Amino acid sequence: MDRRSVQATEQLVRVPAAGVTLEGNLVVPTQARGVVLFAHGSGSSRHSPRNRYVAGVLQEAALATLLIDLLTREEEAIDLRTAHLRFDIGLLAERLVGASDWLAQYPETQHFRLGYFGASTGGGAALVAAAQRPERVDAVVSRGGRPDLAGPALEQVRAPTLLIVGGHDFPVLEMNRAALAQLRCEKRLEIVPGATHLFEEPGALEQVARLARDWFVAHLTPPGPSRLPHA
Numbered sequence: 004m005d006r007r008s009v010q011a012t013e014q015l016v017r018v019p020a021a022g023v024t025l026e027g028n029l030v031v032p033t034q035a036r037g038v039v040l041f042a043h044g045s046g047s048s049r050h051s052p053r054n055r056y057v058a059g060v061l062q063e064a065a066l067a068t069l070l071i072d073l074l075t076r077e078e079e080a081i082d083l084r085t086a087h088l089r090f091d092i093g094l095l096a097e098r099l100v101g102a103s104d105w106l107a108q109y110p111e112t113q114h115f116r117l118g119y120f121g122a123s124t125g126g127g128a129a130l131v132a133a134a135q136r137p138e139r140v141d142a143v144v145s146r147g148g149r150p151d152l153a154g155p156a157l158e159q160v161r162a163p164t165l166l167i168v169g170g171h172d173f174p175v176l177e178m179n180r181a182a183l184a185q186l187r188c189e190k191r192l193e194i195v196p197g198a199t200h201l202f203e204e205p206g207a208l209e210q211v212a213r214l215a216r217d218w219f220v221a222h223l224t225p226p227g228p229s230r231l232p233h234a
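Numbering (this note's numbering), first residue to last: 4 to 234.
Don't read these hints as lab results, they were simulated from the structure.
The structure presented is a predicted model; accordingly, all values stated were derived computationally and were not measured.
Worth double-checking, as some hints may not be accurate.
Stated by the list, open to error - Ranges between beta-carbon positions, derived for each pair:
#, residue 1, residue 2, range
1, P110, R180, 20 to 26 Å
2, E111, T199, 35 to 41 Å
3, T199, Q108, 35 to 41 Å
4, Q108, A221, 23 to 29 Å
5, E138, E63, 26 to 32 Å
6, G206, R76, 31 to 37 Å
7, T199, P19, 32 to 38 Å
8, R55, F173, 24 to 30 Å
9, E26, E203, 41 to 47 Å
10, T24, G197, 37 to 43 Å
11, F90, P52, 32 to 38 Å
12, P174, G206, 19 to 25 Å
13, T199, I81, 26 to 32 Å
Ideal placement from N, C-alpha and C gives every residue a C-beta, glycine not left out.
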């Protein structure tokens, strides 16, 4: 994976959201005009090498990234035993909304257009959060996501949405096709041939990153001034 180095420093940030404080890693490249908030999936974390790889590709395209753990350390310990909280889409979406509000006030990102990158159950949470903040969220990308978990919120999403699924991830592919039919926004389903759920096949994750980069660049960095600060 031959990639240019990004001239930006990764900051460890603490984000107040829905009554808890979440830890995240924020990178703001020079000349960035958009920011992508990552919602990781089942049993993963902000240290996921897959999400960090995608984040690096986005940073090279002058997009800021915030990788955040949507569960506290105590909750993650509980979830390791029960696998329950990772499917609490309402809770995860509420915290995404809180993190979005934090980005809207943080000096380095308050002028940026906002996108969500959701993986697995994080894809469902990203769509619910996008439905709750239609005036704030400008694009959504779901990687091997569970958009079906967004339920009725799918029809309320206004942000342009890209669903990326592996061609051999058969159950999730059918879930994404069904969710695509319910979306009423600009939308697209991209199938990565031969890829399974984690996109571990040669070249699969690179294709995911390129698709996500192109979608976010198109919708978060259009010509003209960046969005004004939020009140």
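Of all the hints numbered above, which does this structure not satisfy? Sort the numbers upward.
1, 9, 11
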